[in-house]
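Spelled out, the chains give:
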Amino acid sequence: EPVVIKFSHVVAPDTPKGKGAEKFKELAEKYTDGAVKVEVYPNSQLYKDKEELEALQLGAVQMLAPSLAKFGPLGVQQFEIFDLPFLMNGYDDLRKITDGEIGKSLLSKLEDKGITGLAYWDNGFKVMSANSPLHTPDDFLGLKMRIQSSKILEAQMQALGAVPQVMAFSEVYQALQTGVVDGTENPPSNMYTQKMHEVQKHATISNHGYLGYAVIVNKAFWDGLDPAIREKLSQAMAESTEYANSIAKQENEAALAAMKAAGTTEFHELTEDERAEWVEALKPVYEEMSGRVGADLIEQVRTTLGSTN
Amino acid sequence: MTALLIFAILAILLVTGMPVSIALGLTVFAFLFGFTGIPMDSIALKLFTGIEKFEIMAIPFFILAGNFLTHGGVAKRMIRFATSMVGHWYGGMGLASVLACALFAAISGSSPATVMAVGSILIPAMVRQGYPPQFGVGAVATAGGLGILIPPSIVMVMYAVATSGMVVTGPNGEQVMSASIGTLFMAGVVPGLMLATMLGATTTYRAWKNDYPRMPRAPWSERIKAFRESVWGLMLIVIIMGGIYGGIFTPTEAAAVSAVYAFVIAVWVYKDITLREVPKVLLASAAMSAMLLYIITNAVMFAFILTSEQIPQMLSSWIVDFGFGKIGFLLMVNVILLMIGMVMEPSAIVLIMAPILYPVAVKLGVDPVHFGIMLVVNMEIGLCTPPVGLNLYVASALSKLGLTEVTRASWPWLLTALCFLAALTYVPEISLALPRFLGLN
Amino acid sequence: MTLRILDRLEEILISVLMAVAVALIFVAVLHRFSIGFAADIVGFARTNDMPALMDFARSFFKTVNAIKLTWAQEACIYLFVWMAKFGAAYGVRVGIHVGVDILVERLTGAARRLVTIVAMSGGVLFTAIIAWIGSDFVYHVAKGGQTSPDLEIQMWIVYLAVPLGSALMCFRFVQALWLYVTTGFIAHHDHGAVEGLEEEAEDLSKGAHA
Ligand code: NA
Ligand code: NA
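Residue numbers (my numbering), protein chains in the order written: chain P, 3 to 311; chain A, 1218 to 1658; chain B, 58 to 267.
To be clear, the hints were calculated from the coordinates, so they are not data collected in a lab. Careful: at least some of the hints might be erroneous.
To be verified - Here are the simulated lysine-lysine pairs, DSSO-like style, with alpha carbons at most 27 angstroms apart:
hint, chain 1, residue 1, chain 2, residue 2
1, B, 200, A, 1270
2, P, 197, A, 1580
3, P, 285, P, 50
4, A, 1617, P, 115
5, P, 203, P, 106
6, B, 125, A, 1270
7, P, 52, P, 115
8, P, 98, P, 50
9, B, 200, P, 50
10, P, 32, P, 52
11, P, 50, P, 25
12, B, 200, P, 52
13, P, 8, A, 1270
14, P, 221, P, 203
15, P, 221, P, 52
16, P, 52, A, 1617
17, B, 119, P, 285
18, P, 285, P, 39
19, P, 50, A, 1270
20, B, 200, P, 8
21, P, 221, P, 98
22, B, 119, P, 52
23, P, 197, A, 1270
24, B, 200, P, 221
25, A, 1617, A, 1426
26, P, 106, B, 200
27, P, 111, B, 200
28, P, 111, P, 32
29, P, 98, P, 197
30, P, 21, A, 1617
31, P, 285, B, 125
32, P, 39, P, 8
Whenever a hint applies, use it, and build me the whole structure from the sequences.
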């Protein structure tokens, strides 16, 4: 009788997360010689975005890969640090955080909530899009920008002079099309799969923020596993993480290329001077939000990265 | 097998006459306790999250807006305008009643209320003019159904809600996006006008054949005056459609704004209701909304059981393997929906059937928007078919004619609606042309 | 007496929730409009090089944009969840929940009585189960300490609507069942009800349309 792990997620099977989940299934079942059976439920088949964390805590599913933004409302506001604009400069910085002490200590904070964190999976760094060029912060004035629920993203848009609008992901396309909102921010792969490039004339490759997931398991379930099996599953997770992250990077590059080829959106690379202006305009976000994520954590990240932002 | 079991439990519970929402919920529990290992906790979750979507909140707002304007005074203004425009044609008042229903439908989301408001004024007036009562009853009972096809439409919101977030694939395995509320509303306009025209044509033809009386042609001064009086009510639909299409609001926001607008018009412009009566309107709207939201919650649980038992997937592959094809499938859908429509009310049917039929339709290459409009027209016909048809009940109560008599009186118009359904089913352009032209997809 | 107070409280609660939700979303839309308007003035002043107007418009913009209403949608959803759960209970009292009564209508005497009692007991049973599972769920959520993303209120308070509403609804079903058993009365909501039709019928008889 194999141990069953129900791995539920909210995206399509052919996305980086979906493929990562399948990879984990393959490796986990191979390494444990069938002692573990992984059932992957994609596309919110079982639980929707808003339901899955509770489903995991109740033990209705064993494994998830929710967006990092979900952990703030769960009571671990330190995770909101990933939303801070221009905190990290590219993937090298990101790995120093997620693979280092900070990443580990963040995940360990989930233990109190009955959750064990196993790994960080990337979605990607975000581009800003709108129907007008976005070169300097002044270009944002009065633009209605769609965000997902997040105090930090709200503060970020306000600091840029834009008007933040919370809106469900499923509504964004039509809202951009009709003009209820003027723009939004997304990693290129999300922008492409939701066809947002069809309804956005301009986009700036700003890499100002990061979107990612954490793979988590029900703590009671995980602790109850045979240690030898847990070891093998951790091995499978480590390898699928590497796989998922490399795919995510490829997909973002491919999506960007495809959108450039489609020609409906004009892409702009942020220059050094422009970037400095954005960073300057976004300084108040750090002041306003340091109370939420913790000034010492921000300091710790900066020390780790040796950054001056 | 499992599917049969689930639907058998549901059917048995339904025939006792218990509320549809309760029957859905008890089916889920009966199935959970008796036949499967799905943990109870996972179901509890759905109770909370079933209606936690901003799109769904358009329903209470539209109901409130409609209730502010679903008033005899508004109906009278619509009727005056309609009569002044078309009263002098053959079947004058009958034609006017179809037009008045269409106008009233653009404000009210409720078909029975449309039948009531227009019918209670026009049917007695037609009888006095020398029409047989059956004529007016037939025209109004069927035209009253336009309420759910001409936007705003609660049934369309239900369809959008029931299918949104479902990840479905088309014939070539490509992912297909579900229909948005805004696009569905836009897609309902042409079919709504077309059906109204066809019902009107049937009215005129029968009046011409039987040589029913006509009215004197109204002078333009009267028409303009009648238009000016009804325009405040009709602006509601302009605000909703213009607001959504013009990018001013999301559909839910449009619904909330239209509720505020309807309140202002009803209280201060039309003065049909006083401020003291407003709490009564709020209460009635809240109760109606709560009833619908309660069905949604339980239908979501029911759909969860179906999906976790893989029933839509099985049905889908069975139909595809069987080689029904698009034409056969759509015919089957119409027959099934018309049959269920005989005994059940629209919202519940859409919430139960859409999650099952929609993935199959998309798999066979049917456009989600087209499919939604098709469902709505089926529901509309269901409102006028015996034994359970709210429109028939209201028309019967109004005219003091029995249900059989009302049904018999309605058949020419019902037949017209069925012809229209056939055309709409196999000519997707009827519903898709306008949204495509406007660049919505 | 206590029952009458409960009835009134139920009615007031759901009406107020409805009114507040409408007002909230309307204000949120107005707010977005005024921000857009202020931004347009800033843009106008910038292109026409009018520094005085620009300063004024910028401060106006900053003031309006500092008002945060991103929580309005979430609040609206929660208001309506509460309205839905308690409104459903009120709906039992006034008989708004529609069923398929075609078979029951054909039955007579004891058979009809029996089926109707079974149907109403179904309501009692279902709402009782929900009240029970719901309480359990709320207890779990309260232990987890989850908050809502925008308003940052405790989720268990939001979710409390389910067990409370369902318990009230259960009570209403018991009440309705009791009323039926003792008096044979069943509440039926009139779905085709329209106000203000009596006066219109009078108008017509005076020949307004002839
Ligand atoms: Na309508
Ligand atoms: Na029917």
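Unmet hints by their number, sorted upward, for this structure: 3, 4, 5, 8, 10, 14, 16, 18, 22, 28, 29 and 30
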